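**Student:** So the sequences go chain by chain: S and U.
For the first sequence, counting from 1, position 267 maps to 267 in the numbering used here; every step adds exactly one.
For the second sequence, counting from 1, position 99 maps to 99 in the numbering used here; every step adds exactly one.
Treat the hints as calculated values from the structure; they're not laboratory data.
Every value quoted in this text rests on a predicted model; they were computed, and no experiment measured them.
Among these hints, one or two may not hold up.
[Claimed, not checked] Quick list of the computed label-pair ranges, beta carbon to beta carbon: (1) S:PRO291 x U:GLY111: 50 to 60 Å; (2) S:GLN28 x U:ALA84: 31 to 41 Å; (3) U:GLU81 x S:GLY69: 21 to 31 Å; (4) S:SER153 x U:ALA122: 26 to 36 Å; (5) U:ALA84 x S:ALA227: 41 to 51 Å; (6) U:ALA122 x S:THR324: 57 to 67 Å; (7) U:GLU196 x S:ASP151: 47 to 57 Å; (8) S:ALA84 x U:GLY190: 21 to 31 Å; (9) S:GLU89 x U:GLY94: 23 to 33 Å.
[To be verified] In silico negatives: residues of chain U with every beta carbon more than 10 Å from chain S: (10) ASN128; (11) GLY155; (12) GLU196; (13) LEU290.
C-beta atoms are modelled at their ideal positions from N, C-alpha and C, and glycine is treated no differently.
Number of protein chains: 2
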Amino acid sequence: MRITALAGGIGGARLLRGLLAQQAELAQPGEVTVIGNTGDDIWLFGLKICPDLDSVMYTLGGGASEERGWGREDETFTVKEELAAYGVEPTWFGLGDRDLATHIVRSQMLGAGFALSAVTAALCQRWNLGLRLLPMSDDRVETHVVIADPDESSGRRAIHFQEWWVRHHAEIPALGFVQIGNDKARPGPGVLEAIESADLILLPPSNPVVSVGPILGVPGIREALLAAKAPIVGISPIVGGAPVRGMADACLSALGVETSAAAVAAHYGARTAGGILDAWLIDERDSAALPEIQALGMRAAAVPLLMTDLFATKAIAAAALSLTS
Amino acid sequence: MRITALAGGIGGARLLRGLLAQQAELAQPGEVTVIGNTGDDIWLFGLKICPDLDSVMYTLGGGASEERGWGREDETFTVKEELAAYGVEPTWFGLGDRDLATHIVRSQMLGAGFALSAVTAALCQRWNLGLRLLPMSDDRVETHVVIADPDESSGRRAIHFQEWWVRHHAEIPALGFVQIGNDKARPGPGVLEAIESADLILLPPSNPVVSVGPILGVPGIREALLAAKAPIVGISPIVGGAPVRGMADACLSALGVETSAAAVAAHYGARTAGGILDAWLIDERDSAALPEIQALGMRAAAVPLLMTDLFATKAIAAAALSLTS
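One chain only, chain S, in its complex shape (with noise of 0.2 Å):
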């Protein structure tokens, strides 16, 4: 079986960490294709950071910070403090000495010609992750967030989502969302191909806005999926009102949507009813939006989804693949 995942950063990771351990005692383990969002990629002191595709990477590596949540486990942070004692901006970056190597290596890679799928490929040789990790762009895509600045004469500006979600802890009210070169950007090499040949389709509980939502916004993505013949199947980021970890529910506020199970679903929409949805996982206590999930016009379920430890993540990916009919 062929598996296709868009995926996120970290909550991303961990499930597909459980597809793998669930697919691992299979007979057959499905072969398992991720397609990794970029828009929040940023270039910081010359280099090229990959949040999301190294959330991935780490984790599905061995090599992530399981208490932290993002960058490498055993991390210093040696030249984040130099670079400070230079007195070079930004400060609030999380940049680690170990996490800094591969985007050291990204960078000269990418500065020698090489596209972001070749230098990911590149990458993932040395983590083994037991899947494959492909960018959903080859091109620039950056995340930038609209707030409000009464000092502008529009009244507001846009900054990198990196600055509105690390240095603000997206605590300031975003507006809007502007991802910079999606409307240009080219699915990455083998995108379409792993949406058309897969036979299943999953999205994990990433945050739908700003780590799902560049991925759809490339052009030719959406159509794909929604011409896959493939169910794809969701898995909902928030449980019980709220973002299992992250803060998604800033980014929803600012689409107009609910943080609700039920109203991500109701976001993402029904392939019935033109969106790219066939099914809907959700947390056992949202489990009284069901019928509304399925009224929508797709498949519904409800099972405990805190992905605790991988026998928790591992039943997860079970009882998604099993929403597949």
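Given chain S, put chain U in place with the hints provided.
**Tutor:** Using the frame of chain S, we list chain U on its own:
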């Protein structure tokens, strides 16, 4: 008094520290300008590394590793380990985490269009050197070492100086040195002025071939020295027939220059005979060579030249200054 010094790495840097300490005791301390060698610069991992400029900066800024003789104190090598884990070459270069921040800032600024001289001035702001550090040139110059290679049809090939020095410990016989880019390099901003306006010009005990040599090789610099009104005083890097530190002997032999204080004096030559030296300070154990050196047409004196501590180094600087007349 304006003192201008031509310096390589750690040997030059330590002498400069003694010079500044010696000057600080004067009622009117001299203003010191250092023309730094950039011939051993190298691009690694997409980053511009300037070992000699950094040795001067770290040593005078109080951030150098005293026992290691290169790089930063309290250094860690996490990024280097991670780069090796990615299989990225080379693995032989000693790239510390603290040191790396310097290269990142430098590379980012170069990438933004700043000249190396402007970048160096910006980096030096942090370190409060007590002197002005000028790269010999803003243009790229790289010392390469010609070595024998039976696999090449010519029987020889050139490798970067750092590969020869750091990886091979200068143990492969050097057939010659090539200063790539030197013939087209222009003196950096302020370099010629620092020579022309100097009251004293100093050659600290830096490697004559790969530290001072590339500086002299920048068109215009040797000519400015020949025309300078200031006396030019050199301090021998050779003590008792061997380099005080480093592997200058392996460099000198490639040029057919004996590893002795007198031979290096003859290599630079007396200004009275078309060379660049008015005076040459040697170690007391080489005092038998004083007549031979004086016969070249320059003043000479013998004092203890080992920079064992700041007190000894101050005395060396004072002895060099007293040789001007």
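**Student:** Would you say GLU196 (chain U) is clear of chain S, with no C-beta pair closer than or equal to 10 Å?
**Tutor:** With a cut-off of 10 Å, GLU196 (chain U) remains clear of chain S, as the shortest Cβ separation is near 32 Å.
**Student:** Just to be sure I understand the hint, the distance between the Cβ atoms of SER153 (chain S) and ALA122 (chain U) should be within 26 to 36 Å; is that true here?
**Tutor:** holds, 33 Å
**Student:** Per the stated criterion, does the least C-beta distance between GLY155 (chain U) and chain S lie above 10 Å, as a non-interface residue requires?
**Tutor:** At about 31 Å from chain S, GLY155 (chain U) clears the 10 Å cut-off, so the statement holds.
**Student:** Are PRO291 (chain S) and GLY111 (chain U) spaced within 50 to 60 Å by their CB atoms?
**Tutor:** holds, 57 Å
**Student:** Can you tell me whether the CB distance of GLN28 (chain S) to ALA84 (chain U) sits inside 31 to 41 Å?
**Tutor:** holds, 37 Å
**Student:** When you take the CB atoms of ALA122 (chain U) and THR324 (chain S), is the distance between them in 57 to 67 Å?
**Tutor:** Holds, since ALA122 (chain U) and THR324 (chain S) (Cβ atoms, about 58 Å apart) stay within the stated range.
**Student:** Just tell me: holds or violated, for the beta carbon distance of ALA84 (chain U) and ALA227 (chain S) against 41 to 51 Å?
**Tutor:** holds, 45 Å
**Student:** Do ALA84 (chain S) and GLY190 (chain U) keep their Cβ atoms within the hinted range of 21 to 31 Å?
**Tutor:** Check passed, 29 Å falls within 21 to 31 Å.
**Student:** Take a look at whether the Cβ-Cβ distance between GLU89 (chain S) and GLY94 (chain U) falls inside 23 to 33 Å.
**Tutor:** holds, 28 Å
**Student:** Could you tell me whether the CB distance from GLU81 (chain U) to GLY69 (chain S) stays inside 21 to 31 Å?
**Tutor:** Holds, at about 24 Å.
**Student:** Would you say ASN128 (chain U) is clear of chain S, with no C-beta pair closer than or equal to 10 Å?
**Tutor:** holds, 12 Å
**Student:** Mind verifying the non-interface call on LEU290 (chain U)? Its CB should be farther than 10 Å from each CB in chain S.
**Tutor:** holds, 46 Å
Consistency with the previously given hints is maintained throughout, with no hint failing.
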